[in-house]
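**Q** What follows is the residue order along each chain.
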Amino acid sequence: MSKALYANLDGVAYGRPQQHPNDLLTRVGPGTPCGEYMRRFWQPVLASRNVTTRPREIRILGEDLLVFRDGSGRPGLLYPRCMHRGTTLLYGHVEPDGIRCCYHGWKFAVDGTCIDQPCEPDGGVNKAGARQPWYPVEERYGLVWAYMGPPDRRPVLPRWDVLENLTDEEYYQVFDNSWGAHRDPDGPEVVPYSWLHMNDNIMDPFHVQVLHSTFSVTQFVREFEVMPTCAFEYIANGVIYKAYRKLDDGREVDRISTWLAPNIMSVPSTMLAAGPSTGMGFVVPVDDTHSRIVGVARMPKGQSRQPYRVNGKTWSQMSLEERQDVPNDYEAQSGQGPISLHSEEHLATSDRGIAMQRRALEQNIRRVMEGGDPDGVVLDRSRQLVHVPSGNFFRQKERTPEPA
Amino acid sequence: MSKALYANLDGVAYGRPQQHPNDLLTRVGPGTPCGEYMRRFWQPVLASRNVTTRPREIRILGEDLLVFRDGSGRPGLLYPRCMHRGTTLLYGHVEPDGIRCCYHGWKFAVDGTCIDQPCEPDGGVNKAGARQPWYPVEERYGLVWAYMGPPDRRPVLPRWDVLENLTDEEYYQVFDNSWGAHRDPDGPEVVPYSWLHMNDNIMDPFHVQVLHSTFSVTQFVREFEVMPTCAFEYIANGVIYKAYRKLDDGREVDRISTWLAPNIMSVPSTMLAAGPSTGMGFVVPVDDTHSRIVGVARMPKGQSRQPYRVNGKTWSQMSLEERQDVPNDYEAQSGQGPISLHSEEHLATSDRGIAMQRRALEQNIRRVMEGGDPDGVVLDRSRQLVHVPSGNFFRQKERTPEPA
Amino acid sequence: MSKALYANLDGVAYGRPQQHPNDLLTRVGPGTPCGEYMRRFWQPVLASRNVTTRPREIRILGEDLLVFRDGSGRPGLLYPRCMHRGTTLLYGHVEPDGIRCCYHGWKFAVDGTCIDQPCEPDGGVNKAGARQPWYPVEERYGLVWAYMGPPDRRPVLPRWDVLENLTDEEYYQVFDNSWGAHRDPDGPEVVPYSWLHMNDNIMDPFHVQVLHSTFSVTQFVREFEVMPTCAFEYIANGVIYKAYRKLDDGREVDRISTWLAPNIMSVPSTMLAAGPSTGMGFVVPVDDTHSRIVGVARMPKGQSRQPYRVNGKTWSQMSLEERQDVPNDYEAQSGQGPISLHSEEHLATSDRGIAMQRRALEQNIRRVMEGGDPDGVVLDRSRQLVHVPSGNFFRQKERTPEPA
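Chains as they are written, first to last, in our numbering: chain X, 17 to 420; chain G, 17 to 420; chain D, 17 to 420.
Isolated chain X, as found in the complex (with noise of 0.2 Å):
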């Protein structure tokens, strides 16, 4: 035998069991229990912008969806092929009332009601009994969001109170395209991975202080090369974190970050720009392997945020090289696989917080198997507005008084 080389033979790979997902919170198509779940809540579908007239393609929650804009303005989300030969509505057109099918011509308002049925007498005498199907949208923040969950158990659309009360020099910056995870608008809309991954990086700050400081090149600012100390608290229908730290110039932040169930986070400033948070994001599961990370924060007129780049490259200018030298979000959550083996994680002190977002997921996700609602559903208009603790609060120093 060859015993140069090592110790022992302790933990190789031989016989190692197969590994697996938690399949309980990565799994959302329609009948899953996390799909069931996570229908319960208004998800967002794109940003307000981009559903026009010409219609577009979408999948979410693993359901193929038609999103458009009726020629009056109104938003429609449909089924995608037509309820009378199966032709996608992709190659419908809009027209003041609805959407119209290129093949016989059937029109479907955006409640999938069929309005004209032209190769059928007197334009369908029973067209009042045919409806596409379809699901119910609302506009707000710049977004278009849908609700696809059972009829009765519709909820309100939440208002999250950091982004209320918009002031006449601020308007809403919206990204549908994934912009937490590459930051870059040529990057993929869609990442090709599992909305858990995104939503477990809400509540780990340490990544924070290696991934994106101490790594390879400073992602954020100098002063998250700060190892903070944490604490993970439950709130009303979430988690939240606060990383003290004292900065080597002698200020000390608290920097409370916020993740509401089932997917909904509000990171405060990665400036550390003192203040509550100015924004919300959301990690749509597009279906078990993809998601797309949307965004939305209250910004100054005439300013924007601008790509990330490294030696002058977006992220979709680099080569693998180039990312495995400067890994980022992208990089270590798509590393995880389209979606993690959960069985083969050990997770640490340093990710409570991610235990507590999934004891609380498994909590709710069984009681919606179990007939009731989960936490965060807002179904009394008067509880609308919810309240997002987040923000780079810096403490206040006891001041010398000055010498009279």
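Careful: at least some of the hints might be erroneous.
Identical copies go unnamed one by one, so any copy, or any two together, can satisfy a pair.
[Unchecked claim] With a cut-off of at most 20 Å between alpha-carbon atoms, the simulated SDA-like pairs for lysine to any residue come out as follows:
{"hint": "1", "residue 1": "Lys317", "residue 2": "Gly89"}
{"hint": "2", "residue 1": "Lys413", "residue 2": "Pro244"}
{"hint": "3", "residue 1": "Lys413", "residue 2": "Gln400"}
{"hint": "4", "residue 1": "Lys258", "residue 2": "Asp303"}
{"hint": "5", "residue 1": "Lys329", "residue 2": "Tyr22"}
{"hint": "6", "residue 1": "Lys143", "residue 2": "Glu361"}
{"hint": "7", "residue 1": "Lys258", "residue 2": "Ala247"}
{"hint": "8", "residue 1": "Lys258", "residue 2": "Arg411"}
{"hint": "9", "residue 1": "Lys143", "residue 2": "Ala29"}
{"hint": "10", "residue 1": "Lys329", "residue 2": "Thr294"}
{"hint": "11", "residue 1": "Lys143", "residue 2": "Asn24"}
{"hint": "12", "residue 1": "Lys413", "residue 2": "Gly266"}
{"hint": "13", "residue 1": "Lys143", "residue 2": "Val110"}
{"hint": "14", "residue 1": "Lys143", "residue 2": "Arg368"}
{"hint": "15", "residue 1": "Lys258", "residue 2": "Glu136"}
{"hint": "16", "residue 1": "Lys143", "residue 2": "Asp26"}
{"hint": "17", "residue 1": "Lys258", "residue 2": "Ser398"}
{"hint": "18", "residue 1": "Lys317", "residue 2": "Ala63"}
Everything labelled a hint here was simulated from the structure, so no lab data went into it.
Once you have looked at the hints, place chains G and D on chain X.
**A** Just chains G and D now, kept in the frame of chain X:
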């Protein structure tokens, strides 16, 4: 609850059962009911001009095959993997009497007979017992045809009257590249959807008025903007429709189109040229989710069908957005998906021809399952000639007698 | 019935049963009979020169692995996903004593030991219990080798006599890019077919006369146009053939080629250089349908094997039609499909060597299934040196005594 936008949530897609195709009509592999039915008919393989001494891979009815022409001009259709050690004959070389495998030199005639085994003693003393799996072929109308069914049920290859008695001033223009779907020499040779989509299209006179005439641009002639009055009839082995139109200029025309089981069509001139049809078409299943549309038409020498263009662009030159603007048969049929989800269809009165076709197909498929012969196979050479009633027939106006 | 073209329809492909591979010999994943057998032998991973501080993904025997060299020069082969939260170590950075994950900074030595957990209190007080799954490796002959089998059965890495005692004028030329299939530096590093295709090729002296010599162009030397007389023999752990040729110029040569279980070959000079073989080759299964051909040969310094060209073009520069004209090993072997359909093979007398190889493989696979050790694993270091009989051996002519 947010109720402003919709009167109610009737018909939302939530909870919709999983949709599915009609497997009986769309599965075409060996041993499937429709596959066995289809195998009872001669199927076109390729244009004769494309069957050469350069071997070519081709898939028909879910079977991977190799087509070539030996050095003496005989077309051959063999299993592609050499019976000896399984290497594809795609890398074989054609000789006057067969094709020789590149690996160990076994040579096969067009009927699969093994005629050389050069690495075996005396060229293979047992080679008479070896036979490469093969199918019989014939050539007619500028096409190579194959019979892939049970040998004891082999029918004669039909003759269709509209293609017979070619004059010295005519030739057969043959398309084996799904021209019927995109009318583009650079379009895909095989279209990525079930044969049933194009087959459904044949007995559908109404889409001519919508898709091809009033939806975007005039894809054939303006006369088709008139909604026709249609009658459908069973004929001996198929279905025909008679679409009557009274044109704006007072002319009246009966347009008769023919579908013959299982996948044969004769569409009259789409330029509304008067008189009987001059061509036949065939929707050959490549596999469950792909098909090849083959056509042959008698043409005056010196003339040929020209590519279809919109704004100067052929199908393959258009962007998705341009094809959304002016969808055509390819978009309508590919838009039904790889296989349409028949459980979500809602056939209406205008779909009567399709319902009749499908009923005939289902009856004949069941008959073959039970051991019978399907309608339309011609076992008796005296009945080889098939009458095809298709054409554009203008009605004679009653003329006022001219004054004497 | 149309009977003109064929005497009868014997042997048509209709009704042919579904063909299938020999799973016992071709499934190589963890837990499969052949996979477990293969794991009992050291397998080459990559050329040493390609194992660097830039981590690389590699798949062997159906397992996804990460290969790298730490900053102290030690090669490592680890499971790619970090045991902490599952991110691939492809984005890890190499340090003198290991590789550090990009996400939270866990660091692992080449034997999987966890040596840092920077986000945990005191760098991870429990890290001694953490171990990234790993495999032992060794370096020899310019290659990195891995042992992926049960730790208690680890054999010594053999030495092959034809590679030993390198002189000062020689070096090891190493190919880890499937050169043996395409002889092209730009050819595919991994070939898209089962390891058994190339393995079958080794004990097949007859394809040299057809494929490489008389089918199209001379791919090695003209002397191989002579059909050899072949004898096959079992040796202690493999099979050899002796191919005897009497050449046109009167010379007589015995060409001996060697296959050693499970996937090891020594092909003598294909330029028919006289004397023992100077190299060894290995067909490493990547997964069931892909393999990597690795080779090492002793070469005089200043010399190296040159790419093979036809009409000035290397393999990757040829079109399909050009490769049809002059097929070579890549075409013959890829032409057997991802895995050959062994149920449709017809082995003949010229395939005797292949039959002997497969018999030996099946016997040894079954022995491993029953708990035994396969032939050819060297557990005793005193038996580490393996004799390889390959070579081109020209017979001495009886010389007429010269006149005095």
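**Q** Hint by hint, note whether the structure agrees.
**A** Here is what the structure says about each hint:
Taking identical chains as interchangeable, the C-alpha atoms of Lys317 and Gly89 are never at most 20 Å apart, the minima being 25 Å within one chain and 55 Å between chains. With identical chains, the CA atoms of Lys413 and Pro244 are at most 20 Å apart within one copy only, with a shortest distance of 19 Å there and 85 Å across copies. In this homomeric assembly, Lys413 and Gln400 never come within 20 Å of each other (Cα to Cα): the closest approach is 37 Å inside a single copy and 73 Å across copies. For the homomeric pair Lys258 and Asp303, neither the shortest alpha-carbon distance inside one copy (32 Å) nor that between copies (47 Å) is at most 20 Å.
When the C-alpha separation of Lys329 and Tyr22 is checked against a cutoff of 20 Å, the pair qualifies neither within a copy, at 42 Å, nor between copies, at 47 Å. Taking the closest pair of Cα atoms, Lys143 and Glu361 come within 20 Å of each other only across two copies (14 Å); inside a single copy the shortest separation is 55 Å, beyond that limit. Within a single copy, Lys258 and Ala247 get their C-alpha atoms as close as 5 Å, which meets the 20 Å cut-off; across copies the closest is 75 Å, which misses it. Proximity of Lys258 to Arg411 under the C-alpha cut-off of 20 Å is restricted to the intra-copy arrangement: shortest distance 13 Å within a copy versus 85 Å between copies.
With identical chains, the CA atoms of Lys143 and Ala29 are at most 20 Å apart between copies only, with a shortest distance of 18 Å across copies and 63 Å within one. With identical chains, the CA atoms of Lys329 and Thr294 are never at most 20 Å apart, being 27 Å at best within one copy and 48 Å at best between copies. Within a single copy, Lys143 and Asn24 get their C-alpha atoms only as close as 76 Å, which misses the 20 Å cut-off; across copies the closest is 18 Å, which meets it. Taking the shortest Cα distances, Lys413 and Gly266 sit within 20 Å of each other inside one copy (9 Å), while across copies they are farther apart (94 Å).
Taking the closest pair of Cα atoms, Lys143 and Val110 come within 20 Å of each other only inside a single copy of the chain (19 Å); across copies the shortest separation is 61 Å, beyond that limit. Proximity of Lys143 to Arg368 under the C-alpha cut-off of 20 Å is restricted to the inter-copy arrangement: shortest distance 17 Å between copies versus 56 Å within a copy. In this assembly of identical chains, Lys258 and Glu136 lie within 20 Å of each other by CA distance solely across copies; the values are 17 Å between and 64 Å within a copy. Taking the shortest alpha-carbon separations for Lys143 and Asp26, only the inter-copy value of 15 Å comes in at or below 20 Å, while the best intra-copy value is 71 Å.
In this assembly of identical chains, Lys258 and Ser398 lie within 20 Å of each other by CA distance neither inside one copy nor across copies; the values are 29 Å within and 64 Å between. In this homomeric assembly, Lys317 and Ala63 come within 20 Å of each other (Cα to Cα) only inside a single copy, at 18 Å, whereas the closest approach across copies is 57 Å.
The structure shown violates the earlier hints numbered 1, 3, 4, 5, 10, 17.
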